[in-house]
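Chemist: This is what each chain is made of:
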Amino acid sequence: AQSVAQPEDQVNVAEGNPLTVKCTYSVSGNPYLFWYVQYPNRGLQFLLKYITGDNLVKGSYGFEAEFNKSQTSFHLKKPSALVSDSALYFCAVRASSGGYQKVTFGIGTKLQVIP
Amino acid sequence: GAGVSQSPSNKVTEKGKDVELRCDPISGHTALYWYRQSLGQGLEFLIYFQGNSAPDKSGLPSDRFSAERTGGSVSTLTIQRTQQEDSAVYLCASSVFPQGARGETQYFGPGTRLLVL
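In the order they appear, the protein sequences are chains A and B. Using our numbering, read the first sequence as starting at 1 and increasing by one per residue. Using our numbering, read the second sequence as starting at 1001 and increasing by one per residue.
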């Protein structure tokens, strides 16, 4: 069975500092990996995904994530945090082969950017 | 174009009553998902529809939960004999599947906030 772990319930970072939101996964074979963001009182939005190719994936709002196969990780990063980045972030995984495979989401990490 | 829409946006019901939640996916999206988001529980997969294939119901928590998708478009999630623990935000998402090596991006609706008293 596939799974996603987001080990931190909450991450606090000062505005202007770099941020990292951690994600590790377990899946059979190669993964498709996703990050979604949920701003307060708004729906979930796609942020970025890793399918194949370059391990460093760039997404919306200046976010990026690095796929590390040996560590089975897909941490979300941003060089300089903004207060407006404060939101709930979800990592997700699915297997890339075998036809349809459902997507499994992590429990989410609340990011709080402090002015 | 229009995104995924859900109705109602909020629903308050009494324990034991049945509720129906509706999802209108993005036109042309063949895949449709239902999730439940409870405080501190993250996103819980409920059910998945893909075209004319049999739905993946593996996430439905009990036989009180059921869902259907008519004409490959609109979906209704029904909860019978609601319990207080059913209180949550129910999210619907749609995507174009398969996308082969491109994977699939899910587009989420705003959710229905269900409160069972």
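Simulated from the structure, these hints should not be mistaken for laboratory data. Because the structure is a prediction, the values reported are computed rather than measured. Heads up, some of the hints might be wrong.
[Said to hold, decoys possible] List time: in silico DSS-like cross-link candidates among lysine-lysine, alpha-carbon distance up to 27 angstroms:
(1) K1011(B) - K1057(B)
(2) K1017(B) - K49(A)
(3) K58(A) - K77(A)
(4) K58(A) - K22(A)
(5) K102(A) - K49(A)
(6) K102(A) - K1057(B)
(7) K69(A) - K110(A)
(8) K1011(B) - K110(A)
(9) K1057(B) - K1017(B)
Chemist: Sort out whether K1057(B) lies within 27 angstroms of K102(A), counting only the CA atoms.
Modeler: This hinted pair holds, its Cα atoms lying about 11 angstroms apart.
Chemist: Verify the proposed pairing of K102(A) with K49(A), using a straight-line Cα cut of 27 angstroms.
Modeler: Holds, at about 15 angstroms.
Chemist: For the pair we were handed, K58(A) and K77(A), check the Cα-Cα distance against 27 angstroms.
Modeler: Distance ~10 angstroms between K58(A) and K77(A) Cα, so the pair holds.
Chemist: Between the alpha carbons of K1011(B) and K110(A), is the straight-line distance 27 angstroms or under?
Modeler: Within the cut-off at roughly 26 angstroms; holds.
Chemist: Does K1057(B) lie within 27 angstroms of K1011(B) when you go C-alpha to C-alpha?
Modeler: Given that 27 angstroms is the threshold and the Cα spacing comes to 23 angstroms, the pair holds.
Chemist: Are K69(A) and K110(A) close enough, with their CA atoms no more than 27 angstroms apart?
Modeler: Answer holds: K69(A) to K110(A) is near 25 angstroms, not above 27 angstroms.
Chemist: Sort out whether K1017(B) lies within 27 angstroms of K1057(B), counting only the CA atoms.
Modeler: The hint holds at about 22 angstroms.
Chemist: Is the hinted pair K58(A) and K22(A) satisfied, with a Cα-Cα distance of at most 27 angstroms?
Modeler: Since the Cα atoms of K58(A) and K22(A) sit roughly 16 angstroms apart, the hinted pair holds (cutoff 27 angstroms).
Chemist: Is K1017(B) within 27 angstroms of K49(A), Cα to Cα?
Modeler: The hint is violated at about 40 angstroms.
Checked against the numbered hints above, the structure breaks only hint 2 and satisfies the rest.
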